[in-house]
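Let's have the full structure, built from the sequences with the hints guiding it.
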Amino acid sequence: MSVATDPRWPREHYLSEGFRLRDWLLTTDHKRIAWLYLASITAFFFLGGTAALLIRLELITPPGDLVSADTYNQLFSLHGIVMVWFFLIPSIPATLGNFLIPMMVGARDLAFPRLNLLSWYIYTLGGLFTLAAVIGGGVDTGWTFYTPYSTMFSNSAVIAAAAGVFIVGFSSILTGLNFIVTTHKMRAPGLSWFRLPLFVWANYATSLIMVLATPVLSSVLMLIVVERLLGIGIFDPALGGDPLLFQHLFWFYSHPAVYIMILPGMGVVSEIIACFSRKPVFGYHGMVISIMSIAVFGFIVWGHHMFVAGQSIYAGIMFSFFTFLVALPSAIKTFNWTATLYKGRITFTAPMIYALSFVGLFTIGGLTGIILASIAIDVHVHDTYFVTAHFHYIMVGGMVTGYLGGLHFWWPKMTGRMYSELWSKVAALALFIGFNLTFFPQFILGYLGMPRRYHEYPVDFQVLNVMSSLGAGVLAIGYLLPLFYLFWSLRFGPAAGGNPWRAKGLEWWTDSPPTKHNFHRIPRVTESAYAYDPTAE
Amino acid sequence: MPTTQPLNEAGQVAEQFNDIDQQVQSNLFGMWLFLSTELLLFGGVFAGFIVFRVIHGEAFAAAAGHLDLMLGSLNTALLLTSGLTMALAEQLVNNTRRRATLVMLLATIALGAIFIGIKGYEWYHEYEHHLMPVLGLPFEYPGEHPQQAELFFNFYFTLTGLHGFHMLVGLGLLSVIAILTWRWRDPPRIARQVQISGLYWAFVDVLWIVVFSLLYLLRS
Amino acid sequence: MSSETSALPDYLPEVSKGLTLMPEQASAMAGRIDTLYIALVVICGLLTVVVFALIAVLGYRYRANSRANRESQSSEHTHRRVELGVLAIMLVIFMGLFGWASSLYLDMFRGPSAAMTINVIGKQWMWKVQHPDGTREINTIHVPVDETINLRVTSQDVIHSFYLPAFRLKRDVLPGSYREVWFTADNPGVYRLFCAEYCGSYHAQMRGKIVVMEQADYQQWLTRQGESEAPAVSGAQLFQSYGCSGCHMGKTGIQAPSLAGVFGRAVPLAGGATMIADEAYLHDSIVQPQKHVVAGFDPIMPSYSGQISEGEILQIIAYIKSLEPLDWKTNPSQNPTQGEAQP
Ligand code: HEA
Ligand code: HEA
Ligand code: CUA
Ligand SMILES: [Cu+2]
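Chains as they are written, first to last, in this note's numbering: chain A, -13 to 523; chain B, 39 to 258; chain C, 57 to 399.
Quick caveat, the hints were computed from the structure, so don't treat them as lab data.
One or more hints might be untrue.
Interface residues of chain B toward chain A, partial, derived using beta-carbon atoms under 7 Å [to be verified]:
hint	residue
1	Phe67
2	Leu71
3	Gly86
4	Ile88
5	Asn133
6	Gln185
Interface residues of chain B toward chain A, partial, derived using beta-carbon atoms under 7 Å [said to hold, decoys possible]:
hint	residue
7	Gln54
8	Gln60
9	Ser64
10	Leu66
11	Leu78
12	Leu79
13	Val172
14	Leu173
15	Gly174
16	Glu188
17	Asn192
Given the structure is predicted, the values throughout are model-derived calculations rather than measurements.
Even glycine gets a Cβ: it sits at the ideal position worked out from N, Cα and C.
What follows is the structure in structure tokens.
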């Protein structure tokens, strides 16, 4: 039976509203804007991934033989900048969030649809600046732009890159603003705060951080640009300026930013685990409190990136203390996900495998964060591969996996089609195995003392580095596979129907793909977000 | 051209909203959020300034003495007055008094423009006295601690520049609103726009007060 | 493999240590850090195992087509109690770890008083080392075993980070300020020195070695290096050649304070404060003379920032420190060109 005649396929939906380029580029429909974002961040992901592969290729042998030292430095800078600001920060909020939040709160669109489109253009503009930086000689400061290297010594395209990040910052500010206003003002009748799905809560908390932390990053990047462009010297030690001030301001943003990069993933995983355990999330209120306290207390731990940078030792200890505290809500959440499985009715679909991978890998990443927060250990492992492994476990093992899980979970909603079950499971497994092979050896390397951002290294580190590079190959397969079968499903996948997973969120109340204004009639909510019943059937 | 459309009859509601009330509330809330991000944008630079103000207290206080307190105060007065005229404009537009609103808007724009002019004059003055350590221009500082003074002037130009930029954006915004008011197509909508821009303008006012106190008033 | 190693510059320690899981220990601190680390790995490992086991066991037991009992689901109330329980357990574990790690950290930073101070300067992309007696080396540090050694580290350009993995010791090195690091090596041998903070093109080549020697060997090594001058002596020459003496010991009639005996003294500053003239103060006085102006003098001293290298500053400081009060007056031979001096 072809899709067109399938009764589960809606006659009219947001994708059939117009097929010209301008129907896409000038759209204010949040669902289409989500697609614009999806396309652009996927491009950036593969750009960053290609840089990662080159990094791993270079590191197969100890001497720096594949690329020159400067090229290597540009590669990891490009990789970090692109992955953080152009892929991971917008990943879940700008695609899944954009698509789903209005539907999950039962609204026709976000509060400011045109602003939403504008943020995509701002994102694109920022991306162009970054690409210009790459073409114009690359940037070699690392994603952290530390002064005085970035302001006075680097000969690379720092201005263009910093401007790119500065610009893209406004895109996330505007997205965050849009989400906050939407969540506050546009919830459907009956949808009280404590009936909201955790995905909405997570994006709400993320938006708060975006709105409150990103401007500080903007101002510090502005100072860098001004310093290089106009030759003034706020961070110049010769004038009595302080290079550490830069680090404080940078991490004041960038630590909360790491929670921008994990909270949405936590939201996705909560939805998926509840759905495929057919059970309400264990401890809904506890989850909400955890999300919000991560967002709030994440603002007072930035100094843990500067344990050996020269802040006072007592400041260091305070920051270590707060870091331990901010880890507690994550522990609660991890426990609650596993507890949700208890007495559930569990099916291992592809999204579920991704979600469970998330839980496992996030635990490893988070607990190694605890090792880093143990301040005396950090003196040894700071700026080594131990740190690299820690954050890849959280950001790649956690967030990217969560993102893919969410994409698989809502793909039927977004496209109206199902993808291959077999291939999606293969991809999820390849990802889990490849990931661990890539990054687990880096913990050992780091404790052995291999510093990061090293283009060449002593020979006895080679075995572990080769393992890591092999893993990256497997990982590449894990990431390329979905590209193929998801594309394939766009054309050949069977129609999914409104609610293929028999899930409970409001977004499942409507057709797949949804109509232009999401609902034929604005829903009236009478129950909590996860009214699943594991005893049924 | 004035229309007789009464204000309580709301204009058109954007399609994503249920009613005009929701729309107005969302817009206001959005503007407040936006302003809080702006505050933090300045906050980063303020924080940096305050740190150095504490570290190099004496030098900064002395360097501040080289700013023109007279002109700075004059500018503060101008900006506060413009805040008043803007507030009046908000009142008047709510009473659908087109002409008076327009006058108040133009007055606000004029005051803002004079502010920028004076600021420009101050900058020129500093340029002439070689107190502009920008773009490799010579910096010749007559007092003690020339290096720290240079740092002070770096902050001075960054902060006043950033504020000036916000003023320019505000002036642009007000000019558009003034044109809309002159045309007077959809008064309720104009009223909402005046209100939102008023919020922004007030914010730029408040920022100036902080900039002014940090840079000009903490002097020796 | 030998072909690879022979291509390496000779300052890199040529130690292939094979595949190990833990780095070697060369100081008492290293052992204490490793103990904490192993404890952390065990605790975190256990927690990880618990999470994975929960997923596996529950996932299997409650798979969709199993007949496990799903009746009597727990209430929100129970959830809260369980959560609080987890919270309490984690809090106890975390606070324990925090206390342990912090006390170790305090021990690492507040060291015993050191027997000798070695100056280390990072610059793109090498480490310059100056021993107390003037011996200089590049990218290599020789130290005696079992003696507490203090390093005074600074940078001439960007931020570097001084990293000795075998000592579990790392400190960022910032331009314009001095940092003190101490350690006691307890095992003779050759160990690695890395730059751990990204500092530009050849960051990865900013490596070196630290050679820990028996006391006797160290003394022997020092005498073999004998020909180099003490820093105070070269400092005296620099003091001349940079024209410091022109003002500070000069006949030019310029009013500048005498530097004899200034080190360690409390200096009255314009504006009323006083400061102890330590190394950092002297350093600042040369690079940023306007920062602390001595009471009663005009701030006419030019800044030497950018004209004088950090290494030279250290030598000048050594020279200034070597001046006894009014030394130059009673012993003019130290300043050969300085025929007569003014009070
Ligand atoms: C998404 C990103 C993300 C997230 C969420 C985190 C989360 C955490 N991070 Fe990480 N971090 C980064 C990204 C992230 N980090 C990056 C990018 C860097 C390096 C930046 C750079 O220098 O380039 C970094 C660096 C970094 C450092 C500095 C290292 C250094 O440079 O020297 C530290 C130190 O404290 C740290 C700690 C932590 C901690 C304690 C958490 C905690 O929030 C983690 C909390 C989670 C847990 C604690 C796991 C919970 C599970 C359990 C406890 C199991 C419970 C089980 C039962 C009860 C059965 N991180
Ligand atoms: C935020 C997200 C993110 C993501 C997703 C990744 C993904 C990966 N990262 Fe990255 N990484 C960072 C963030 C991220 N990283 C950051 C912030 C740094 C620090 C930078 C700095 O120091 O400044 C870093 C640094 C970093 C280093 C350290 C470099 C150094 O310090 O010298 C390494 C080394 O192994 C590495 C490896 C990898 C690998 C193997 C992946 C893999 O997961 C990638 C897998 C993806 C692919 C393999 C893509 C597949 C693509 C193809 C097959 C090519 C096809 C091509 C086309 C279609 C055009 N990363
Ligand atoms: Cu010096 Cu890296
Ligand atoms: Cu952090």
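Against the structure, the hints come out as follows:
1. Phe67: With a closest approach of 5 Å, the Phe67/B hint holds.
2. Leu71: Result: holds, 5 Å to nearest chain A Cβ.
3. Gly86: Holds. Min distance 6 Å.
4. Ile88: 11 Å, violated
5. Asn133: 27 Å, violated
6. Gln185: 5 Å, holds
7. Gln54: Interface hint status for Gln54/B: holds (4 Å vs cutoff 7 Å).
8. Gln60: 6 Å, holds
9. Ser64: Because about 5 Å separates Ser64/B from the closest Cβ in chain A, which is inside the 7 Å limit, the hint holds.
10. Leu66: The hint is violated - Leu66/B has no Cβ within 7 Å of chain A, the shortest such distance being about 10 Å.
11. Leu78: 4 Å, holds
12. Leu79: This interface hint holds because 4 Å falls under the 7 Å limit.
13. Val172: 5 Å, holds
14. Leu173: 5 Å, holds
15. Gly174: 5 Å, holds
16. Glu188: 5 Å, holds
17. Asn192: Constraint on Asn192/B satisfied, holds at 4 Å.
Violated hints, in rising order: 4, 5 and 10; the structure is consistent with all others.
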